[in-house]
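A.B. asks: Below, each chain spelled out in residue letters.
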Amino acid sequence: MQLSHEHHEMQRTTVKLIEEHIHPDLDEWERDQIFPAHQVMKKFAEAGLLGIGKPEQYGGLDLDFSFEMLFAETLGNIRSSGIGTALGVQTTMCTPALLAHGSEALKQEFLVPTIAGELVGCIGVSEGHAGSDVSKIKTTARRDGGDYVINGSKMWITNGIQGDWICLLVNTSEQGGPHRNKSLIVVPLKTKGVSVSRKLDKLVLRCSDTAELFFDDVRVPARNLIGEEGQGFIYQMAQFQEERMFVTARGLRAMEMCIEETIEYASQRQVFGQSVLSNQSVYHKLSAMQTEVEAARALLYRATDAYMAGEDVTKLASMAKYMVGKMSMSIPSECLQFWGGQGVMNENWISRAFRDIRQTAIGGGANEIMLEVVAKSLGIHPGRKNSKGHANERN
Amino acid sequence: MQLSHEHHEMQRTTVKLIEEHIHPDLDEWERDQIFPAHQVMKKFAEAGLLGIGKPEQYGGLDLDFSFEMLFAETLGNIRSSGIGTALGVQTTMCTPALLAHGSEALKQEFLVPTIAGELVGCIGVSEGHAGSDVSKIKTTARRDGGDYVINGSKMWITNGIQGDWICLLVNTSEQGGPHRNKSLIVVPLKTKGVSVSRKLDKLVLRCSDTAELFFDDVRVPARNLIGEEGQGFIYQMAQFQEERMFVTARGLRAMEMCIEETIEYASQRQVFGQSVLSNQSVYHKLSAMQTEVEAARALLYRATDAYMAGEDVTKLASMAKYMVGKMSMSIPSECLQFWGGQGVMNENWISRAFRDIRQTAIGGGANEIMLEVVAKSLGIHPGRKNSKGHANERN
Amino acid sequence: MLFTQQHQELARTTERIVAEHINPYVDEWEKAEIYPAHDVMKIFAEAGLLGIGKPAEFGGLDLDFSYEMVFAEALGNIRANGVSTSIGVQTTMCTPALAQHGNDELKRNYLAPTIAGELVGCIGVSELSAGSDVAQIKTTARRDGDDYIINGSKMWITNGVQGDWICLLANTSTDSSSGGRHRNKSLIVVPLKAKGVSVSRKLDKLGLVCSDTAELFFDDVRVPVGNRIGEENMGFTYQMEQFQEERMFAVARGLRVLDMVIEDTIEYTGQRQVFDIPVRDNQVVYHKLAELHTEVEACRAVLYQAAERYLAGEDVTKLASMGKYMIGKLALKVPTECMQFWGGQGVMNENYVSRAYRDMRVTAIGGGASEIMLEVIAKSMGIHPGKRSKR
Amino acid sequence: MLFTQQHQELARTTERIVAEHINPYVDEWEKAEIYPAHDVMKIFAEAGLLGIGKPAEFGGLDLDFSYEMVFAEALGNIRANGVSTSIGVQTTMCTPALAQHGNDELKRNYLAPTIAGELVGCIGVSELSAGSDVAQIKTTARRDGDDYIINGSKMWITNGVQGDWICLLANTSTDSSSGGRHRNKSLIVVPLKAKGVSVSRKLDKLGLVCSDTAELFFDDVRVPVGNRIGEENMGFTYQMEQFQEERMFAVARGLRVLDMVIEDTIEYTGQRQVFDIPVRDNQVVYHKLAELHTEVEACRAVLYQAAERYLAGEDVTKLASMGKYMIGKLALKVPTECMQFWGGQGVMNENYVSRAYRDMRVTAIGGGASEIMLEVIAKSMGIHPGKRSKR
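Taken in sequence, the protein lines are chains A, B, C and D.
Just so we're aligned, residue 63 is where the first sequence starts under my numbering, counting upward by one.
Just so we're aligned, residue 63 is where the second sequence starts under my numbering, counting upward by one.
Just so we're aligned, residue 272 is where the third sequence starts under my numbering, counting upward by one.
Just so we're aligned, residue 272 is where the fourth sequence starts under my numbering, counting upward by one.
There may be inaccurate statements among the hints.
Stated by the list, open to error - Some chain A residues close to chain B (C-beta under 8 Å, calculated; not the full set): (1) PRO86; (2) GLU90; (3) ALA357; (4) MET381.
Don't read these hints as lab results, they were simulated from the structure.
We treat Cβ as the ideally placed atom computed from N, Cα and C, and that holds for glycine.
Bound-form chain A, shown alone (with noise of 0.2 Å):
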């Protein structure tokens, strides 16, 4: 992945909205513990950045996928993960499926103001019972004359306060097995019988309105189906591919900032003398960390290549996402440790990273089911009687 000028550009572009539309509030939106997301939406899409990857008739900006990347990278600049995440929701996780396999009708109603920034999105998977396990989400959509009527509810919902609308994975059927029993369909969250059931308190994301929301006979047209009937469980698997770099890239710039700003600090700060930095067992770890970032960056850059030239990158993004998976639950602790008592006040943004990188570990992909996945790449896997699909982990 060789980034050129205008990869340079959008970069800057990115970096500067932030430092000017974000980083002034942002300590405030997560106290309260909101952000409002449809001023921020306005402000990226005023830029061209929700839609980089979709096409011009659509308002995109018709990028390769190598843009998307480095977009997200940048958003690992927010000090806050809660907004970077809310952005991925927007930009790569409620709107592949709709662009890939939607009506022309439906993608004007909400892909079109989705990445103008009019729309908030959500992506409706993980329920309570069901978060790695998608195949076992209980939540239906029965077929009534022109209509779907929904009930059932969904958890970890990101936006799900604020949103307009949600991609909403359902089943449609009680035949044909849990992977092909399942749609994808549009619902609109100011459609009667949607009610927030709570906004949940986390660890993670404060400044992310995360919800539970309940479906209770809820209405929508059938022409709100996104592709086929069945199909859902398919198309969501192929949505998962890019959330998996998605979280991956945000992620390792974050991480990095972690390092840059613990540098920045523990230069600073004096102990006995010298500065924090100059204790040789502490720029050796930091120049370890550094070098875990740049090698799960490479293997990042290596996955993003194969992915535009059209291989399968399952194993590639899935190590990937393993490696800061895993580095999520050393490096923001091993950065916080040389901040001493400091580390642990809410004013340092190294306190905030410490619990929000953590999510990285369990989002998108938990470690244990990325190395599953990754097994399976290999033909290591020893199969699972229960199973039947190769690809139903997540979350």
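Starting from the known structure of chain A, fit chains B, C and D onto it as the hints suggest.
C.D. replies: Okay, now just chains B, C and D, sitting in the frame of chain A:
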């Protein structure tokens, strides 16, 4: 680093050579603690593999550095690191400075027959008391008329017994400080006064003839000087760059071999009524190891690309070397674990790999030295009062 | 170290108090970012638990250190380290020097009511620019007639808002006049109602949220010379002694917290089904839990060995520091590894593993950071370069 | 666990023998790939050290297990694990079941001369296809009148070439007739001079090079029924008991080996100068050494706690397995991390760290592999899925 048809062809040639001319006799060579260096070199020379990156006028193939990297990686297939090391000395460690700075006559006398596999070369830098800190060597070459008269000793010299010549780092002056008083001189090992004080009995690289060499009033003509007098330290530091990448490439393939062979064995070995491989803790561990290998490879390839583009790759190459060094302390050992009692039987290669690959963390720049280099690249090294240079790190 | 029935009884009493009077309220206190220190202290005091190792003369139980350790371990059952830290300050961090070196009047006025749970104490050592490096503190106590006049500030002071008095480390001489920075400090008892003491701010922290950790300012605060603990300029030495037991307290309390995290995870993963089997039935899950439990038990074995030798009168600097180093490492490892098996539930604040992840983090920093412990251990092994070299 | 003067004396005696009679010769024995087992056993026997926990009636010292552990730890001073393993087989692996369950004649004929150092014993459990999974062994002992007729083979038999007898685990019933594979095995004493016993090969190994580890074949080997230890078909149970002490032996011996590796490294890095300072003065070096020492001490604390409870009559399966797991992990970590600081010298066979790297590696495999230990610990914790699921 994209692999072309030509790359794959070269790889196949190398693998074939290894299978036909090395593996059949390898166990014997390991037992005898020596391998027939001239015979093996000749085979590789006939396939053109001793001068991959060298100009055609000297018998080389004039290919770019990515071919050398792939060659190095493929040497990891050899089921003993001893031979890969010997080949690496010949192709990548004792010849780059000679090629870059040697006189035409010197190249004709030593480089051409070395590429042709007629002469076996050595590199003479380390001394018993000066491994990592090259600036501290004590061997001297005193000018006497048209000759240099050399006194001192060199330690851990690969090919030391069978070698025909050595590229020797010596002090040619007492002035100018430790980085400007050294020179590289080509010394034929049949010269009077050169003696092998002992063949070293090592944990690693058993079939390699690693020796301690003594130089007692050894007289060589002044024209054997490579380049300018006083520039030896600088030349040698440059020569270390490629050595570092060579060691990284070979090591990572060797570790991948450990993983592959362990997968095969573990899929056959039955414990408690199932194959060892079907234990989740086993296949997860193997998947995580393969992930590490791919990450290190991605980093190495990124360094290779940058190197070919003319960039300074000190940081990336040192990072890759560090990662592979770290892995060399865990992967072979963790693989051996899954062989049970068979793992410690010398008849199984994994037992040799456990010994051999350990060297990767020490030779060609120890892990800790790599972290010092990375720290400098990151600008976080506190400096060292007793050191004047920036690159005096090594083995 | 084998425990007697009396040890077990003390542990049970503590566990009962925690279960009945503390744990039902911790979520509320965490939300309020403060807990009622005086009420809670009173409850423990009534069971005699605030003076386990203290002299009977001042209301203590006069038991040996093994009982204090059992108490500390049982305190780990509190599902909010803010509370257990506060109690630890009261029992083990601000009172040992006072009990050992204070004059009788000082003990009557401060030690006895603290053991009785009437007063809440603080320990004032760290300053903004002097955390690990205690010798660097800047707060001064200048002699003026029969008083000291104190100026300076202290940071990260547990119980700082609700506390009644502080055991304050201050410079009572310049280092040049007294033979260095280890010989110019004194411990002084300062009532926090004294004129000139102000709480500059209640700290907003990652963990220990219900603990009222504060930054305190001292502006010409006047206290009688009789409030000094022991001899003048011996404060650094006294404080170093006081650190020993603080370290062992931190280990003991932390062990039980980590046990709970593992226990909760065992329970949850036994119920949570993924791919049609309980999460816990995955070999990588139960192996990891077995590994973590093993490491916690190893740390416990080190603590018990340290305690046993401490009771036998040996210097346990090395073993206690090893225990502290290990609990610091495990504080980073156990909650994050366990959280992993909770999936999305792990990051929900309603599950204790999430609080433990935040609360335990400071264990590797406070009371002697892990790196400092390695420095201490290296000194005990005789391999610290000391003055020989900067690095 | 606090040691008495008697413990210390026993340790000193052992250390003296090792220093005078063993260590000066180990390089030679390693080169020869064999050591003189009978000569060495005799030396230890003369000091009473081959029967520390055995009954005085058969020549033992009748001391409790803590003394055996102290002995095992002191044996770790031998700078070649091949020798200490061989002695451990003699004292702790092939004799406990015999001492506890054997009949008097058998004890007179085999136990007493083994304690006296006249006979060298082996333990015959592992087979090529049954290492970790003992129940899978294929060797049979068929009853024929007053004899057993033994057929099969045994792998990785320490002392297999020089040994005089073997404590052999064999199937004495089919598993169907006797209630499963844990109830169809017996331990039988087999003299290795018996007709039909052959050493199929001396094994060529990564480590323990001076130990004569062999593969043994049994072809219609006939021994009297009286050579059976205890009851028929109880062999699996006896052997499981015997494994307990074997595990603790492995921990104790390994601890001291790791100590030596650290000590050697401390010494060498104190002398080796790089960039004008001793290697050891690098913070990352002395911190790492402090960390490794801490982990070794933690493992030791676990062992001592296990031993203390074992002596108190408790079941220590969990603690002993934890100790074995930890020493296995440290066996992989300590030598490789220490070797790193030796630079090129670390891979020279003349330096002990190089041998320890090879010799210690098997610690994580033999006597219960680390993964098996985690399975055992998980069972003790009640979190093993057992029959519920394959994974």
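A.B. asks: Each of the hints needs a verdict: does it hold here or not?
C.D. replies: Here is how each hint holds up against the structure:
With a cut of 8 Å, the hint placing PRO86(A) at the interface with chain B is violated, because the nearest CB-to-CB distance is about 29 Å. At its closest, the beta carbon of GLU90(A) sits 33 Å from a beta carbon of chain B; the interface hint therefore is violated under the 8 Å criterion. Hint on ALA357(A) holds. Least Cβ distance to chain B is approximately 4 Å, under the 8 Å limit. Here the hint on MET381(A) is kept, as its CB sits about 4 Å from the closest CB of chain B, short of 8 Å.
When held up to the earlier numbered hints, the structure conflicts with 1 and 2 and fits the remainder.
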